[in-house]
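Chemist: First to last, the protein sequences are chains F and E.
Be aware that the first sequence starts at -2, since it is given in the working numbering, and climbs by one per residue.
Be aware that the second sequence starts at 800, since it is given in the working numbering, and climbs by one per residue.
Just so you know, the hints here were simulated from the structure itself, not pulled from any lab data.
Here a beta-carbon is modelled for each residue, glycine too, at the ideal position from N, C-alpha and C.
Here are the simulated DSS-like cross-link-like pairs (lysine-lysine), alpha carbons at most 27 Å apart as the crow flies: (1) F/LYS139 / E/LYS1166; (2) E/LYS1068 / E/LYS999; (3) E/LYS1149 / E/LYS907; (4) F/LYS79 / F/LYS69; (5) F/LYS83 / F/LYS69; (6) E/LYS872 / E/LYS1113; (7) F/LYS139 / F/LYS324; (8) E/LYS1023 / F/LYS328; (9) E/LYS1110 / E/LYS907; (10) E/LYS1023 / F/LYS324; (11) E/LYS999 / E/LYS1093; (12) F/LYS37 / E/LYS1000; (13) E/LYS1166 / F/LYS324; (14) E/LYS983 / E/LYS1093; (15) E/LYS983 / E/LYS1110.
Covered, in the sense of this in silico footprint (three residues per stretch, anywhere, with C-beta under 8 Å from a C-beta of chain F), are these stretches of chain E: (16) 837 to 850; (17) 938 to 946; (18) 950 to 959; (19) 1017 to 1023; (20) 1165 to 1173.
For each label pair, taking beta carbons as the anchor points, the in silico distance ranges come out as: (21) F/GLY189 / E/ASP1006: 44 to 54 Å; (22) E/ALA884 / F/GLU50: 34 to 44 Å; (23) F/ALA342 / E/ILE848: 47 to 57 Å.
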Amino acid sequence: MSALLAIDMPYWLQTILRVLGGTVAVLLPAGTIVYVFLFKMMSFMQSRLGPMEAGPYGSLQLFAEVGKWLQKEDLYPDRADKFIFKIAPIVVLTSTFLLVAVVPFGPDAWFTNFEAGVFYALAVSSVSVLGILIAGWASANKYSLLGGLRAAGQLIAYELPMVLAVIGVVIQAGSMNFQEIVMAQNAGEIFGWNGIGNPYILTQMVGFIIFMIAVQAELTQTPFDMPIAESELVSGYMTEYSGFRFLMFFIGEFATAGVFSLIAAALFLGGWGIPFAWFGWDSMDSIDNWMNIVGPLIMFTKMMVLSGIIMWVRFSYPRFREDQLQKFAWKVLIPVSLLNIMATAILKVAF
Amino acid sequence: MTMLGDRQQLAYIASQAADARVNVELETEGMTLNIGPQHPATHGTLRIICRLDGEQVVWAEPSCGYMHRGYEKLTEVRTFPQVTALVNRIDWLGSFANEVPFILAAEKLMGIEAPPRAQVIRTILFELSRIANVGLFLGDLGVQLGAVTPVFLAFRDREYVLNLIESATGGRFHPNFDRIGGLKDDLPAGWIEETRAVMKKLQGFCDQMEDLLFGNEIFLARTKGIGIIPRDVAMQYGLSGANLRASGIDHDLRRDTSLPMAWNKADWKVWTHTDGDAFARCWVRLQETRESCKIVEQLLDVIPSGPIMTKVPKIIKVPEGEAWVATENPLGEMGYYVVSKGDLGPFRVKIRSASFNNMSVTPWLLKGVYVPDVITILASLYFILGDLDR
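Please construct the entire structure, taking both the sequences and the accompanying hints into account.
Modeler: Below, the structure written as structure tokens:
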């Protein structure tokens, strides 16, 4: 491996750096997505300007909003289960932070390098379900309860296609380690031509589409936003939250969109890498040091593209009904992803 | 504590126990969900009490009156010309259309008729307020179904219509422009050309909505087959407007009655749909917006010259008598039953507003649907709270 981050550092310093890096990796995408897509792209689609006052073109609007939320009183309903009510947003946000821990940003720029990174990512992403469910239950509000239960049903239904879609990638790469999946894509070749590596979006197109649909449902974004459903359930499980705790849900929502986009980029779009053939790299060790700087930028670009698609769909589609969503998951997505796994496995053995 | 007699107390306890027993025997534990009075789907203050079994509604009842402003009573202490200022707040999205039937009723009692020019301009303004109203419905429908974008497009394009209404009448929402015997003012210069351009834009808006919503798979899945009102039920509950026509009943007061208005001067079509579901209601409204644009475009060509007011006395006293006039308003049939005793003001006015009757079908309609469909059905029935509670 290259030596940029291999300086001898005491364990506590590494830990602090990782925590800081993780915070940046969660909050920076969240802030960017909120500003670029929620404030500006959505406004553009709806023929309005969006925030324009705070900072140039409203770029500091988010800070104003955060400041506003921080000043608000930490309210909780009289009959709420107070302890559970208060930890629910923390649980949701924790899941996002746990998720970003396995995302690689460069040859050495990672927080942890798990062997079973994919497995871990899929496992911790469902922790947020728990947070949403207890938020819905603890609010002592009928709308919140309906929203929480819907969320539980929906998120469990969509874990499955997501896992199955990723299995195709895992079979093709032969590893569950994110770094090796990225390596396999960038060092790979398409019928002997290695000009663009072998990003799995080409061979795993079906898997990619299913993964993105499942991500959309996992994030409870329109068209799968029944747990929130402003017009029906008045924001569902978030109804009773205000101030800082609402802010946590809000950050959680958009940060998770960013982190899932990062994961999708790593799994399907070649991650932080550029095709290794361009610079004559052949293994992890031979990669130049500057990739640790360029890698995060590439990841960020890909994240913006993918979360742009997520938000684009979110702003233009109406919402499904809960039973239609379940039908879609169990009758369409899961069979298709199973077929995809079968085809991938057969082709893997054949070639 | 109030003193109850022993017998009363025992009877009370017995009745409570009987209720409890019935509940235990007949019902699983349900949940009563109050949709409203503060809820985005009710666009105002309507309360719908739903008893839920899971997400399924087993019993529902609308509880209205939270926005009752007592217009029927208020008209009794106003003079006839003052009433228009009140009644255009009934259906606040298409407010000019509320004034017309009342003025027509007063004119009927007085035995006068507006001059032809005023009739045509009245009809144009009537149709413009329909476009402003139903255009917003098309956008609002998206919001109720979870799509945030259409409503902004609807607000944008409604603004063109409101600007027209404002430049002609001086009021964006509450024109208060209709007078007994004609209109307050003539049209401003350049208004006709501007209206033509706006009608082009609105036709484009309808096409856009059709692309954005009516061609969307999710929209179809959410509205097709939801909230079906059969023909006979629609007639029994006294539905009117697009809700009635979506159930396959070809009934439009603009065509079927002979009021002194100018609808018969234009060539247009009454759209009906055979399905009677939420999609049919939305689709009929979309087509009606287009037809309204056509009516306005055609009437702009045939505005006759002449006075804008007939001769009416300075102080209007309406002769004794009773009159009923109903028109096809944006929300449905709206009528005024005006009783006059020969005074300056009406003796009694009964307002028949469309939303109240359209709402009355909800207990029947909401039985057995899911909570998201409650919202779809309410959105597709399209009521306005001012019109519902008056």
